[in-house]
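Protein chains in written order, with our numbering: chain A, 1 to 308; chain B, 309 to 744.
Note that these hints are calculated values from the structure, not bench results.
Where a beta carbon is used, it is the ideal one built from N, C-alpha and C, also for glycine.
Treat the hints with caution; some may be incorrect.
Unchecked claim - EDC-like mimics (lysine to aspartate or glutamate), calculated; alpha carbons at most 20 Å apart, straight line:
1. A:Lys2 with B:Glu580
2. A:Lys83 with B:Asp626
3. A:Lys82 with B:Glu631
What the hints assert, rightly or not - Beta-carbon label-pair distances, calculated as ranges:
4. A:Ala18 with B:Pro407: 58 to 66 Å
5. B:Pro622 with A:Leu58: 33 to 41 Å
6. B:Arg498 with A:Pro189: 15 to 23 Å
7. B:Pro407 with A:Glu51: 35 to 43 Å
8. A:Gln92 with B:Pro494: 30 to 38 Å
9. A:Gly98 with B:Gln416: 24 to 32 Å
10. B:Thr743 with A:Gln92: 35 to 43 Å
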Amino acid sequence: MKHLLSIDDLGGRAGIEAMLDLTDSFLEVQQRDIPKVPALRGKTVVSLFYEDSTRTRLSFETAAKRLSADTMTFSVATSSVKKGESLLDTVQTIDAMGVDAIVVRHGAAGAPHRVASWSSARVINAGDGCHEHPTQALLDAFTLRRHRGPSLDGCRIAIVGDIRHSRVARSDVMAFHALGCELTLVGPPTLMPERLDGWPVAVTSDLDEILPDVDVVYLLRIQRERIGQALFPSLREYSARWGLSAERAARSKPDTLVMHPGPMNRGIEIAGEVADSARSLVTEQVANGVAVRMAVLWSLLGSGGPIV
Amino acid sequence: MSNGEVFIQGGRVVDATGERAADVRIVDGSIAEVGAALAPAAGALVLDAEGCVVTPGLVDIQVHFREPGREDSETIETGSRAAALGGCTAVVCMPNTEPPIDDAAVVQSILDRARAVGLCDVRPSGCITKGRRGEELAPIGELYDLGVRVFTDDGDCVADALVMRHAFEYAAALPGAVLAQHAEDPALVRGGHMHEGAWSARLGIPGRPAEAESTIVARDLQLAKRTGGRYHVLHMSCAASAALVRAAKADGVRVTAECTPQHLVLTDEACEHFDPSFKMNPPLREQADVDGLRAALIDGTIDAIATDHAPHTPESKDVPFEEAPPGMLGVETALAVVLTTLVEPGIITLAQALAALSWNPARIVGLDVDGHGGAVVAGAPANLCVIDPAHTWSVDGGRLASKSRNSPWDGWKLTGKVRHTIYRGTPTVRDHEATK
Numbered sequence: 001m002k003h004l005l006s007i008d009d010l011g012g013r014a015g016i017e018a019m020l021d022l023t024d025s026f027l028e029v030q031q032r033d034i035p036k037v038p039a040l041r042g043k044t045v046v047s048l049f050y051e052d053s054t055r056t057r058l059s060f061e062t063a064a065k066r067l068s069a070d071t072m073t074f075s076v077a078t079s080s081v082k083k084g085e086s087l088l089d090t091v092q093t094i095d096a097m098g099v100d101a102i103v104v105r106h107g108a109a110g111a112p113h114r115v116a117s118w119s120s121a122r123v124i125n126a127g128d129g130c131h132e133h134p135t136q137a138l139l140d141a142f143t144l145r146r147h148r149g150p151s152l153d154g155c156r157i158a159i160v161g162d163i164r165h166s167r168v169a170r171s172d173v174m175a176f177h178a179l180g181c182e183l184t185l186v187g188p189p190t191l192m193p194e195r196l197d198g199w200p201v202a203v204t205s206d207l208d209e210i211l212p213d214v215d216v217v218y219l220l221r222i223q224r225e226r227i228g229q230a231l232f233p234s235l236r237e238y239s240a241r242w243g244l245s246a247e248r249a250a251r252s253k254p255d256t257l258v259m260h261p262g263p264m265n266r267g268i269e270i271a272g273e274v275a276d277s278a279r280s281l282v283t284e285q286v287a288n289g290v291a292v293r294m295a296v297l298w299s300l301l302g303s304g305g306p307i308v
Numbered sequence: 309m310s311n312g313e314v315f316i317q318g319g320r321v322v323d324a325t326g327e328r329a330a331d332v333r334i335v336d337g338s339i340a341e342v343g344a345a346l347a348p349a350a351g352a353l354v355l356d357a358e359g360c361v362v363t364p365g366l367v368d369i370q371v372h373f374r375e376p377g378r379e380d381s382e383t384i385e386t387g388s389r390a391a392a393l394g395g396c397t398a399v400v401c402m403p404n405t406e407p408p409i410d411d412a413a414v415v416q417s418i419l420d421r422a423r424a425v426g427l428c429d430v431r432p433s434g435c436i437t438k439g440r441r442g443e444e445l446a447p448i449g450e451l452y453d454l455g456v457r458v459f460t461d462d463g464d465c466v467a468d469a470l471v472m473r474h475a476f477e478y479a480a481a482l483p484g485a486v487l488a489q490h491a492e493d494p495a496l497v498r499g500g501h502m503h504e505g506a507w508s509a510r511l512g513i514p515g516r517p518a519e520a521e522s523t524i525v526a527r528d529l530q531l532a533k534r535t536g537g538r539y540h541v542l543h544m545s546c547a548a549s550a551a552l553v554r555a556a557k558a559d560g561v562r563v564t565a566e567c568t569p570q571h572l573v574l575t576d577e578a579c580e581h582f583d584p585s586f587k588m589n590p591p592l593r594e595q596a597d598v599d600g601l602r603a604a605l606i607d608g609t610i611d612a613i614a615t616d617h618a619p620h621t622p623e624s625k626d627v628p629f630e631e632a633p634p635g636m637l638g639v640e641t642a643l644a645v646v647l648t649t650l651v652e653p654g655i656i657t658l659a660q661a662l663a664a665l666s667w668n669p670a671r672i673v674g675l676d677v678d679g680h681g682g683a684v685v686a687g688a689p690a691n692l693c694v695i696d697p698a699h700t701w702s703v704d705g706g707r708l709a710s711k712s713r714n715s716p717w718d719g720w721k722l723t724g725k726v727r728h729t730i731y732r733g734t735p736t737v738r739d740h741e742a743t744k
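Assemble the whole structure, with the sequences as input and the hints as a guide.
Rendered as structure tokens:
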């Protein structure tokens, strides 16, 4: 694997499972008194973030530091992009400094693919437009595997919300499907992809109908701007039909798990008490993000030797 | 060529009247004699056409030469050279320049510049509305008096049905004028960057549905029928539009349609790797549309192949897909792409291809009366193209004559190439090279 631009780059089930196994090792590192290994000493990892991000950027930078890599942060707000520098020029500037990996978050689908074509560094997609967010999918799969694993075969997952505009959903569908899960996309038809040719999913607009049958409810963040695009009438109506309220959660199986990529809109797609309940994996997802990204960085940049 | 004679020797002439082996003698800019086994006059410039097809010069009725305004991406000179190398003796350039072609002075400046360059006829199209804003009519009559026959807001659709209706009614007073629509409903394509289909859903790129085109085509056909106006569909891209045009033609509506080589060959799958070279409006569609367009070309529903030659600087295309401007180069490669992908596999005949690339488009835009696309006979202006159908070459986007390099055919191996182009009796391309 030269870059991680898409879940596809991992090479299917075996590749994904190998990455999750590797993540187990880094979770162990995380639990040490000094959670740091020298594996990537002398390597430089740059985060190139064209969109605001808290957890993903911090998670990548923490992962790089715990692998003893040097890190640089490029944030659009304080850079030459404000002076009109193009993505190409920015990447060439970074490349000229001799960096080893570039972690890219960009509002346009495929921007990391363009960066990969312009740079000699390894490129990791940290979210591109509505396209993919592969490390999120890995940490989701890793988190779920710790509760339902080691095999996720036959695990029934409902992904609820704005699938159409969600890079998390695209990567999750690919990853969960590769691991043998059964997927249902749930939400208003206006937030479903316009075409689902080749998507290994079932689709429904009725959350209540499928809720009793699923093992996992994966809720996506709903964005207020979709109202202005005439995609649904109001947050109130959305919440009433597709929000996971406490009453609704109570109608699911007692062991049904709840996941969310964050940041959450409490009271809209997820009730606060559901988010904080025992069935919620939300905090654990964030915690596992660092180990997953350590595994990804180590796979791309490591010497192949032991982690130590 | 001391006596001014240009002699095309040993070719097979193909025009709207049929085909025959014949030499062509050109004197003083006109065809003097066409016949088998003629002898060149002493001192004549002899152009070898052994094994080649001699045909009326090609006519690309949709190119963007970017002058005035974006001379960093193309000029009338570089665009004309690319056109000549593509076998064209005439082109129609689109009015989305800066300033737009909604003013007689802009028309005149383009005509003057094209004449000075002298590589092909460059006919400006004129805007339908002032500033291409879709609100008030541009000075259609004044532009018409300068020779403009095609009116379009290309790049943008005339979205307001009443404005379009009035344009049809107004242009009806001008014989030969035609309204050419970039048919994409701006509301349905808002925010979109590629064909809305399986690939856009997979790639997470907002889509531009085919219905954005077909609904405008349906509306305009009804307006054309109501007003008796002439309507031309620019770069028709989907099967649904073709079906509408087919039915309208049968119904007697005065409609013509063109499509591009890229829409006849490529699909939205080309966007898989986020390469902005494959971004255009209307977008590359899916296989069912490609099939529908090919059927429409075969049965005559589509009259012409035009390229929508749209140069963009490398800087503007070296960006993420969603941030890149739409458009692809095409005028230099159109014939070779059509020969390779449609004629050679037997989908259309050579005569059908040349009809779509030369005499049909010439008639649509009124360039036939200026000596383009006519039969290769004595007395006709010598606007000709000599094609070597066996010549194999590879497209290198960076080595095309255009100032830009955004060719979707970069790296393609094509069979068939323009060997000579003769514009008003003078070779503009000789043995695959531009003469100036």
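- Message: For the hint 30 to 38 Å, verify it against the beta carbon of Gln92 of chain A and that of Pro494 of chain B.
- Response: About 36 Å separates the Cβ atoms of Gln92 of chain A and Pro494 of chain B, which means 30 to 38 Å holds.
- Message: Given a hint of 24 to 32 Å, does the C-beta separation of Gly98 of chain A and Gln416 of chain B actually sit inside it?
- Response: Violated, at about 56 Å.
- Outcome for the supplied range 33 to 41 Å, where the beta carbon pair is Pro622 of chain B and Leu58 of chain A: Cβ of Pro622 of chain B to Cβ of Leu58 of chain A: about 36 Å, so the range 33 to 41 Å holds.
- Query: Does Asp626 of chain B lie within 20 Å of Lys83 of chain A when you go C-alpha to C-alpha?
  - Reply: Roughly 18 Å between the alpha carbons, so the hint for Lys83 of chain A and Asp626 of chain B holds.
- Query: So does Pro407 of chain B sit 35 to 43 Å from Glu51 of chain A, Cβ to Cβ?
  - Reply: Taking Cβ atoms as reference, Pro407 of chain B and Glu51 of chain A lie about 36 Å apart, which means the hint holds.
- Within 35 to 43 Å or not, the Cβ separation of Thr743 of chain B and Gln92 of chain A? holds (39 Å)
- Straight-line Cα separation of Lys2 of chain A and Glu580 of chain B no greater than 20 Å? holds (18 Å)
- Do the Cβ positions of Ala18 of chain A and Pro407 of chain B conform to the proposed distance bound of 58 to 66 Å? 60 Å Cβ-Cβ, so the 58 to 66 Å window holds.
- Message: Does the beta carbon distance between Arg498 of chain B and Pro189 of chain A stay inside 15 to 23 Å, or does it fall outside?
- Response: Since Arg498 of chain B and Pro189 of chain A have Cβ atoms about 19 Å apart, the given range 15 to 23 Å holds.
- Query: Is Lys82 of chain A close enough to Glu631 of chain B, meaning Cα to Cα at most 20 Å?
  - Reply: Since the Cα atoms of Lys82 of chain A and Glu631 of chain B sit roughly 17 Å apart, the hinted pair holds (cutoff 20 Å).
Checked against the numbered hints above, the structure breaks only hint 9 and satisfies the rest.
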